[in-house]
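Student: Listed in order, the protein sequences are those of chains A and B. The first sequence stops at residue 598 when you use this note's numbering, and every number in between is there. The second sequence stops at residue 1378 when you use this note's numbering, and every number in between is there.
Do not rely on the hints blindly, as some may be mistaken.
For lysine to aspartate or glutamate, the following EDC-like pairs were computed, each having C-alpha atoms within a straight-line distance of at most 16 Å [unchecked claim]:
no.	chain 1	residue 1	chain 2	residue 2
1	A	K313	A	E358
2	A	K482	A	E397
3	A	K566	B	E1196
4	B	K1326	B	D1356
5	B	K1349	A	E585
6	A	K570	B	D1222
7	A	K566	B	E1195
8	B	K1349	A	E528
9	A	K575	A	D305
10	A	K313	A	E331
11	A	K4	A	E74
12	A	K265	A	E235
13	B	K1363	A	D551
14	B	K1363	B	D1222
15	B	K1349	A	D551
By construction, these hints were calculated from the structure, which means they are not laboratory data. Computed from a prediction, not measured in an experiment: that's the story for all the values here.
Below, each chain spelled out in residue letters.
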Amino acid sequence: MQTKNIRNFSIIAHIDHGKSTLADRLIEYTGTLSEREMEAQVLDSMDLERERGITIKAQTVRLNYTAKNGEAYELNLIDTPGHVDFTYEVSRSLAACEGALLVVDATQGVEAQTLANVYMALEHDLAVIPVINKIDLPSAEPEMVKKEIEDVIGLDTSNAVLASAKTGIGIEEILEAIVHDIPAPSGEREKPLRALIFDSYFDSYKGVIAHIRLMDGCIRKGMQLRMMATGKLFEVTDVGCFRPAPVDVDELVAGDVGFVAGSLKNVRDVRVGDTITTGENPAAEALPGYRGVTPMVYCGLYPVDSADYDSLKDALEKLQLNDAALVFEPETSIALGFGYRCGFLGLLHMDVIQERLEREYHLKLITTAPSVIYHVHKTDGEMMAIDNPSKLPTPQEIDFMEEPYVKATVIVPNDYVGAVMEVSQNKRGEFKTMDYLDTNRVMLVYHIPLSEIIYDYFDQLKSMTRGYASLDYELADYKEAKLVKLDILLNGEAVDALSTIVHVDNAAYRGRQLAANLKELIPQQMFEIPIQAAIGNKIVARENVRAFRKDVLAKCYGGDITRKRKLLEKQKEGKKRMKSVGSVEVPQEAFMAILKVH
Amino acid sequence: MDYELYLHIPFCRQKCFYCDFPSWAGQEHYMEAYTEALCREIAMQSSLFAAAGQAVTVYIGGGTPTTLPLPFLQRILRTVQRCFPLATGAEFSVEANPGTVDAAYLAGILAAGANRLSLGVQSFNDGLLQRIGRIHTAEQARQAVSMARTAGFKNVSLDLMYGLPGQTLADLAASVAEAADLQPQHISIYGLQVEEKTVFFRQQQQGRLQLPDEAAAEAMYDYMTGELPRRGFFRYEISNFARPGFASRHNLGYWQDVPYLGMGAAAHSYWDGRRQENTADIAVYIRQVMEGELPAHEEEPAARSLHMEEFCFLALRTVQGIDRQKFVEKFGCTLESVYAPILTDMRAKGLLTVDDAGVRLTKRGMKYGNVVFAAFLL
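For reference, chain A alone in the conformation it holds in the complex (with noise of 0.2 Å):
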């Protein structure tokens, strides 16, 4: 295939707007796979993505299409996560195309997380097809639609396509306008190779695996290789392309979308954003790799049995091979033993890799509550950042602190306005700017601290609106803050795993819901658990988990010890998702009962 008749896209699409329906559509109407082979949402593989109807991971597929003008092209598309938690994995993917499809629902609008990912779109020079989806709907609106994304976004709309990924309808237009608006890659075969790596994933039979953007050059098996920022030399043994199931080819040029597999073992040698090029003739000049990405929300991973930590340690291994936004470190709590500190993008991010250690790798772990990083400066001058409440110096050695602030914008009809000020002004949000989308729709922007996001901002945000809210954040700066440690004691020890660090004016609340959730969460024991919040020596509230009385066997009917068997091995089951920590049971809810605090 001549590069002129390459093109490399995205989709960017708020979620449900229908980013998964068209990429099937487009799929099913270039042929690249037969109905028979069609499953609903061929992009989203893995399990955990079909059952909350979300994209993680990027997915990439080509399609061949031959255009009205009678000539055939090569379209790669690389799919993108719609959740603001993964904006990260959207700018790796766009730096690998030319054009994005923007997919707007013509029943709703745009929405706060599209915006983000438009402007970045713009932001890598890339050409934005607008595409209103939906329009079979009774209630669409694509005039109105087409005028928002003029407004908000700036984007010229006259050659938006109005389709319905649903019926069908637009779908070649859409590809026709692929093919004419979104320009060919520049890239020239007879440089020296630059790859660059946007993806990665491990296969036990083949090693890492990487998916790649040719920008110059080309590859095929057999040929020597090197990673320009480890150095890291190896021979490809695989080279191909996604349909969307690996499938081998004779070689990638500049301008094609594929993936590369060699002689690579070990997850480390294989960064995402790195640049590949020839062992011999190396290309000068690495490409630009991706911004650095920073965990916005820490959290603590206990295996239950401490037998599995590194099993544990392997499979976060694994995960980061796939997901460079995932960062651990070794921790130890007092507590809960020997686990990890792990980083994440936020909190569905933490959600995720959580479900997908217990799920892929069979690892029964314990959560502990997220904590952003605060900057503790201290009265000898050293500024530390914790990530862990433990960590906290004493109130004596602690100058001021400062938290995280995230610019929050906020879309929402006009009718909610007064509910996302009253949300956010409980949660210590400072008001920035308010704008008219339309007549109906305003875009508001605050200021929130971000361990306030973490805590349920969402949720809230969601209720209050009737679900009509959408938001997208971004790390703003960090401030001044009052902040106090809240400690738990159970049983007259402090559980340094359920500490948590709070602003000092809803400490004593915060302490009081704390200790009230963690009372119903803790079961009964053989002894009396008493549950005391603290700050600093001060005991804030304190709860009691009353002992059970007994627990005896009943009669033994016939010599049924299968039954009797059955009974005990429920009672031990339930038992196995609890940490002891000194002598009480503690299920993995408790630790993340603080985000229940309201």
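Take the given structure of chain A and dock chain B to it, following the hints.
Tutor: Just chain B now, with coordinates in the frame of chain A:
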């Protein structure tokens, strides 16, 4: 080899409100065929297993064995004795409901070979008896004990319950006192557990079941575990108390890894390290046996670790607990080599006594038996 025999009679006049054992009311039309089938199974099983040794105990349980017409039950008793070699002085128990027996019936089963009678009394409070679905009165229970003695039974056991809806500590104390005054050889006392598919379960779902609160149930437990030994009934197992020399050998056998053959619908066997269960359906049971098939199903593999777990959690029900020497003989390794961390933990929690002879529940451990047993699952 010594083994035990269990025979199941799945008929009842009426289903008690707490009962989820395999027993049915209104199935009297099956009694004759069932007796025939059971006798046939006894013969079939004996041809396979009787020669392995001798039966040291026989237990006829239910259901209510004494709902059978006397000749049926007598036939079953005699068939067992004809088909299996019974050890000299073997314990031979029959369960009876006080509302189903008279002097002639009791004399009849004694004559047919039974030597121990287990009477389901549950309480001596008529109101409570009615509320839990029993078909007899307190007076009938008193008479049954006296008739059993007149008939010549030298070994009588009474079953009591605590934690019943509406029951107070005073109710329980009165029942314990009256039971002891009747001078049986053995008293079993079980706490009520609401099981699925029972009348109580449905009442509970509808919010119509008022059980004593935890503290009250605990007070009853504490009372009876203290009071019965004071009256000469010594605790030899979590729920069982006996005068010296009258601990139920059949009951102890279950906890001491003794093999047993269960016959009849829903009967359980433990033989050669394998646990088996007969079909629970009366009609299916009769058809299978009459066609010459053994009605067993659900055969469990005899994994060593399973055997170990059961050996331990069953033995712990008794006051002797786990015998170290026996454990080594059975499994070729020491108790510590498998359970050291559990023993340390349970001992620290005050639930187990660990010494040179073995491991047994403390007084507190008896109260939290399930916690200890579950810990012994590997």
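Student: Next step is simple, just say for each hint if it's right about the structure.
Tutor: Hints versus structure:
1. A:K313 / A:E358: holds (13 Å)
2. A:K482 / A:E397: holds (15 Å)
3. A:K566 / B:E1196: It holds: about 15 Å lies between the C-alpha atoms, which stays within 16 Å.
4. B:K1326 / B:D1356: holds (13 Å)
5. B:K1349 / A:E585: Given pair K1349 of chain B, E585 of chain A holds - Cα atoms ~13 Å apart, limit 16 Å.
6. A:K570 / B:D1222: violated (27 Å)
7. A:K566 / B:E1195: Given pair K566 of chain A, E1195 of chain B holds - Cα atoms ~14 Å apart, limit 16 Å.
8. B:K1349 / A:E528: Cα-Cα ~14 Å, so holds.
9. A:K575 / A:D305: Status holds; Cα separation ~11 Å.
10. A:K313 / A:E331: Roughly 12 Å between the alpha carbons, so the hint for K313 of chain A and E331 of chain A holds.
11. A:K4 / A:E74: holds (10 Å)
12. A:K265 / A:E235: Roughly 12 Å between the alpha carbons, so the hint for K265 of chain A and E235 of chain A holds.
13. B:K1363 / A:D551: At roughly 13 Å apart (the allowed maximum being 16 Å), D551 of chain A and K1363 of chain B satisfy the hint.
14. B:K1363 / B:D1222: At roughly 10 Å apart (the allowed maximum being 16 Å), D1222 of chain B and K1363 of chain B satisfy the hint.
15. B:K1349 / A:D551: holds (15 Å)
Going down the numbered hints, you'll see the structure goes against just number 6.
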